[in-house]
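J.: Chains as they are written, first to last, in our numbering: chain D, 1 to 424; chain X, 1 to 424; chain U, 1 to 424.
Just so you know, the hints here were simulated from the structure itself, not pulled from any lab data. Virtual Cβ for every residue (Gly too), placed ideally from N, Cα, C. One should not assume that every hint holds.
Said to hold, decoys possible - Only some residues are given here: those of chain X computed to face chain D with a beta carbon under 10 Å:
1) P103
2) Q105
3) T244
4) G327
5) C351
6) G356
7) T363
8) Q366
9) Y370
10) V373
11) Q395
12) I396
Now for the letters of each chain:
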Amino acid sequence: MYDLAAKLFPICRSITGNGFRQSLDLIRKEIPDINVHEVPSGTPVFDWTVPNEWNCTGGGIYKLNGEKVIDFADSNLHILGYSIPIDTIIERDELLEHVYTQPEQPDWIPYVTSYYKERWGFCMSENQKKNLKDTQYRVVIKSSLQPGSLTYGDLVIPGETKDEILITTYLCHPSMANNELSGPVVWKELINYVKHLGIRRYTYRFVINPETIGAITYISQNFDALKKNVKAGFVLSCVGDDRTYSIVESMYANTLADRVLKNVLKYHYPKYKSYSFLTRGSDERQYNSVGVELPVCGFCRSKYHEYPEYHTSADDMNLISPKGLQGAYDVMVKVINVLENNFYYKVTCKCEPQLGKRGLYPTISQKGSYNEVAAICDFIAYADGRHDLISISDQINVSADNLICIIEKLKRNQLLSFNKTPYL
Amino acid sequence: MYDLAAKLFPICRSITGNGFRQSLDLIRKEIPDINVHEVPSGTPVFDWTVPNEWNCTGGGIYKLNGEKVIDFADSNLHILGYSIPIDTIIERDELLEHVYTQPEQPDWIPYVTSYYKERWGFCMSENQKKNLKDTQYRVVIKSSLQPGSLTYGDLVIPGETKDEILITTYLCHPSMANNELSGPVVWKELINYVKHLGIRRYTYRFVINPETIGAITYISQNFDALKKNVKAGFVLSCVGDDRTYSIVESMYANTLADRVLKNVLKYHYPKYKSYSFLTRGSDERQYNSVGVELPVCGFCRSKYHEYPEYHTSADDMNLISPKGLQGAYDVMVKVINVLENNFYYKVTCKCEPQLGKRGLYPTISQKGSYNEVAAICDFIAYADGRHDLISISDQINVSADNLICIIEKLKRNQLLSFNKTPYL
Amino acid sequence: MYDLAAKLFPICRSITGNGFRQSLDLIRKEIPDINVHEVPSGTPVFDWTVPNEWNCTGGGIYKLNGEKVIDFADSNLHILGYSIPIDTIIERDELLEHVYTQPEQPDWIPYVTSYYKERWGFCMSENQKKNLKDTQYRVVIKSSLQPGSLTYGDLVIPGETKDEILITTYLCHPSMANNELSGPVVWKELINYVKHLGIRRYTYRFVINPETIGAITYISQNFDALKKNVKAGFVLSCVGDDRTYSIVESMYANTLADRVLKNVLKYHYPKYKSYSFLTRGSDERQYNSVGVELPVCGFCRSKYHEYPEYHTSADDMNLISPKGLQGAYDVMVKVINVLENNFYYKVTCKCEPQLGKRGLYPTISQKGSYNEVAAICDFIAYADGRHDLISISDQINVSADNLICIIEKLKRNQLLSFNKTPYL
């Protein structure tokens with residue numbers, strides 16, 4: 001995962017354009033069956049319209065003697081996203097009106113865009129700005145902004161039922177690592193995991209799009225299928241660093257997506273952070289929006305907006321790690337396993353089953369001997385047909401993930417039945 | 001408001017009699033259309049009966065040489081409320097059985113009444129009592145207790161619907177300021193505010209009565225209209241000092257009245273005090289009583305029973321202030337504004353509306369730029385037709401009062417519909 | 001109660017056998033109408049089978065010179081419960097495989113059993129084990145394990161309705177005091193209390209059985225009656241010491257049994273301990289099990305598993321006391337009284353009744369005078385036909401037990417009606 005992220009890092013992406021396509025192609029080298037869709041500029045998508053396509057191949061600020069001040073080749077963050085082309089000599093004061101910095105983080109280049117209003121501009125560190133002392137500079141942006149299309153990818157992996165788990169991420173930021181490439185590379189690896197599952201109860205819908213406008217476009221073009229089938233969804237964003245784990249709750253905070261992710265995180269990393277929907281910021285916004293209202297929450301390690309390097313040049317390949325990516329992947333694998341096993345369970349006999357005669361209970365009864373079998377006894381006590389796996393786990397304080405093998409044991413002993421819906 | 005309270009202060013009021021009428025007339029000088037009702041003594045009102053009318057014109061305790069010990073002219077609190085007339089010379093010991101003091105507050109005259117058992121008595125400070133050293137005294141009470149009537153006032157200001165907001169206060173305590181006159185003067189000013197509202201969704205019912213028996217009488221005589229129409233009600237009591245703000249919750253603590261008052265207080269004065277219904281003591285008792293069960297809560301600054309000067313001569317014009325009264329008035333004005341706008345709101349488009357093209361969202365996207373528009377975005381996220389204004393406010397932590405202008409902006413952009421009941 | 005416990009203490013009981021019968025006979029000397037039931041070995045009871053009957057008359061470990069090391073006559077805990085008979089000379093090393101100790105409590109003999117796997121064994125203190133230095137010992141267990149029957153007792157005391165309160169305990173541990181004899185002796189005394197109640201709204205079902213298998217057998221043989229009639233049930237266990245009071249909640253923690261026991265304990269002993277169903281361990285397990293699902297919780301003083309002497313020889317007659325037993329009895333008497341009075345109450349008049357004219361309210365109104373009558377006023381405020389006694393008590397913070405006399409006063413004044421179900 002880390003290596004793929006490193007390959008993707010240098011590409012200049014945006015919400016449209018060749019950078020996105022080139023990045024998606026790199027991912028499709030590993031998973032060729034991801035479908036690619038192109039939606040023409042001008043297509044109405046709900047209250048929005050697909051914008052013109054932007055491509056940028058170079059640019060920078062130069063002293064009149066030709067000496068470079070900043071250059072796209074050094075960091076594609078230097079060009080304001082969606083800048084219109086320009087090539088002119090201007091006064092220092094006018095230039096400064098087109099310069100964006102993050103003064104509290106004086107060494108870092110901020111990531112700034114102007115998707116829906118035509119502008120040109122440069123981003124640089126506050127310290128670089130302080131060095132702009134000449135009276136005139138040459139400014140160059142080699143970009144094009146014209147009708148084209150917005151690109152997204154998806155892959156639906158069928159399961160035993162049409163009920164769907166949605167796993168989505170975005171691919172529109174230029175050279176940033178945690179807040180861009182961590183999501184797609186973990187997403188890609190999860191496709192491999194799901195493909196190799198022996199049995200799939202759920203159909204899995206994997207989606208990769210530019211953030212916000214891409215999600216709106218995707219929902220607009222797949223509305224009926226999403227509304228009919230999606231039972232839980234997850235937006236993967238900023239899943240590559242080592243610092244913590246986070247959930248961004250869905251609007252009502254109690255959907256299947258919230259329940260399973262919180263259950264897994266509670267045992268995987270008890271200090272995980274739970275962010276309310278009020279702090280939303282990635283595509284969970286669109287999936288939870290009025291009229292869409294899908295059970296989707298966000299999954300992050302250090303959440304966007306919450307870590308200092310966010311949306312700056314410091315969000316680079318040093319910020320993420322193979323271990324960080326692996327941790328996020330492991331969580332999502334557990335999420336999938338718990339979802340696949342999240343039935344309503346019911347003990348098949350009336351009253352407590354006799355576990356001892358099945359070798360599931362110690363034959364010597366002494367103070368303390370019960371502790372070893374508490375989890376199986378507690379599971380049995382709550383397997384009354386009214387609780388699903390996650391609910392039982394939450395009540396008996398044993399991770400759902402760990403209950404799966406207990407379920408297998410009980411099934412082998414004909415002690416457990418299960419159902420997609422509660423028993424009446 | 002303070003000036004009117006000062007004019008009302010010297011009058012000797014009780015639950016019936018000319019003091020109440022004289023006080024109501026002073027208020028009606030400013031709001032002449034308040035209706036005055038007289039209910040004859042003996043009228044059955046639910047489990048109660050309207051008592052005889054009491055009037056008192058003077059009295060006191062005098063030494064046998066005629067020297068004054070205490071006198072009604074100095075404070076009308078000196079005469080036990082509803083005292084029967086007397087004029088006699090008695091032994092000191094017998095007199096002391098008719099003397100009421102508040103020993104823990106030795107300089108203050110307590111306010112004591114005996115409405116439903118015929119007695120005579122005097123109230124004085126503990127220190128005054130200590131000076132009663134003569135063996136005999138002359139005691140005089142110039143009062144009458146005989147069939148008459150109980151007086152109350154009301155004013156119904158019609159709105160677009162018959163749904164009613166009830167705003168009620170009482171006017172039966174003699175010379176005390178916070179626990180008496182603050183309520184009526186704020187109540188009077190709210191009538192002016194409501195009258196001058198351009199559009200009134202609600203009909204407003206303003207009621208002023210003697211406490212307890214007056215509320216019982218009022219409810220008894222207006223039961224069907226109250227039960228049919230009142231959607232929220234507020235008892236104004238002790239709303240004139242500067243120390244805090246308080247709500248006395250309705251019985252179930254979650255009526256529209258509770259919700260709106262708590263929402264307003266949370267932002268107006270975050271340290272406000274929320275008292276449970278178990279601490280009730282004013283007319284919210286009757287409005288919440290079994291079989292009446294109206295959504296009414298109490299609004300106070302320092303709550304009755306909870307401030308030291310309560311029901312003593314120290315509750316005088318120094319305890320209340322123009323600023324104190326104004327604060328309470330401001331809260332109630334916000335309550336009215338929020339109620340008038342408390343609809344269920346629903347965004348008219350599917351998915352997130354594009355605020356940028358309407359000038360409601362920054363065109364430059366940089367870290368932090370979202371904060372300025374968080375309130376409007378959060379409002380939109382929760383405007384799903386299932387939340388009313390107060391509920392949205394409570395969920396997104398922005399005062400309902402402040403959301404009103406956001407609602408106006410969204411309405412102007414055809415982005416919002418609203419309804420009296422939840423959208424299905 | 002303490003004296004009966006002392007008489008029962010020396011008997012060697014188990015889940016079957018003459019010890020249980022002899023113990024039950026001692027209780028039946030005081031309550032002869034307790035019914036005795038014998039269920040043959042081999043009888044299927046749900047997923048279980050009634051085991052063979054075990055009787056033990058002696059045994060021990062002896063040096064080859066005949067000197068006693070440990071002997072059943074000193075403590076019947078020395079013989080592993082359900083040991084098969086043996087009489088042989090064995091090597092020290094082999095003996096040690098049959099010796100059970102509790103090393104962390106080196107002076108106490110642990111209580112250990114092997115009901116469902118045939119074994120022989122001895123229990124002793126860790127210090128006794130350390131003295132086993134000979135190379136060979138003679139081991140003797142004079143026991144029989146063969147078809148017989150399991151014994152239980154019950155007594156149904158009819159009331160005005162068929163609705164039942166279940167009070168159950170167990171009688172299968174050998175010489176231990178808190179975790180065995182406290183339950184049966186308090187249970188016996190409660191039978192006397194219930195018999196002498198003038199009026200009984202409820203039918204009371206008293207059950208005494210060996211723990212676990214006895215409860216399973218009892219439920220199996222009385223399933224329909226239990227499911228149809230039981231409204232609340234209590235397992236009495238470890239109710240004889242002086243240290244605390246405890247509830248073991250039912251599975252959903254909110255049944256009538258939980259509500260009444262918590263209400264009583266809250267006022268009887270505010271520091272009582274509330275244990276979740278996850279810590280269950282006595283017959284509440286079976287009564288709450290899937291398919292049985294009866295509203296039964298456990299009542300203890302120091303809960304089993306939670307006090308150091310639990311399941312050891314230190315749980316002797318010094319651990320329990322007449323005062324400890326009396327405290328548990330008093331709690332259960334209050335539980336019964338509250339249950340008998342736990343109706344839905346409704347004030348018969350509309351609006352607040354006038355308590356003053358009925359002598360239930362002070363005729364002088366002065367600051368503080370209300371406090372004396374707050375409980376009656378609060379009761380009236382919440383007696384709206386939607387709350388039962390326990391719910392009113394919980395809301396107004398007055399013990400249900402203390403509200404019973406207020407209810408009587410209000411009934412005498414025709415101010416209160418009551419009903420088994422909520423008023424509509």
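J.: Each hint: holds or not?
T.: Hints, verified against the model:
1. P103: Violated - the Cβ of X:P103 stays beyond 10 Å from chain D, reaching only about 54 Å at its closest.
2. Q105: Violated - the Cβ of X:Q105 stays beyond 10 Å from chain D, reaching only about 49 Å at its closest.
3. T244: Violated: closest Cβ of chain D sits about 29 Å from X:T244, beyond 10 Å.
4. G327: 30 Å, violated
5. C351: This hint holds: X:C351 lies near chain D, its Cβ roughly 4 Å from the closest one there, short of 10 Å.
6. G356: 5 Å, holds
7. T363: At about 4 Å, which falls below the 10 Å cut-off, the nearest Cβ of chain D leaves the hint on X:T363 intact, so it holds.
8. Q366: With a minimum Cβ separation of about 5 Å from chain D (threshold 10 Å), the hint on X:Q366 holds.
9. Y370: 7 Å, holds
10. V373: 12 Å, violated
11. Q395: 8 Å, holds
12. I396: 6 Å, holds
Hints 1, 2, 3, 4, 10, counting from the list given before, are not met by this structure.
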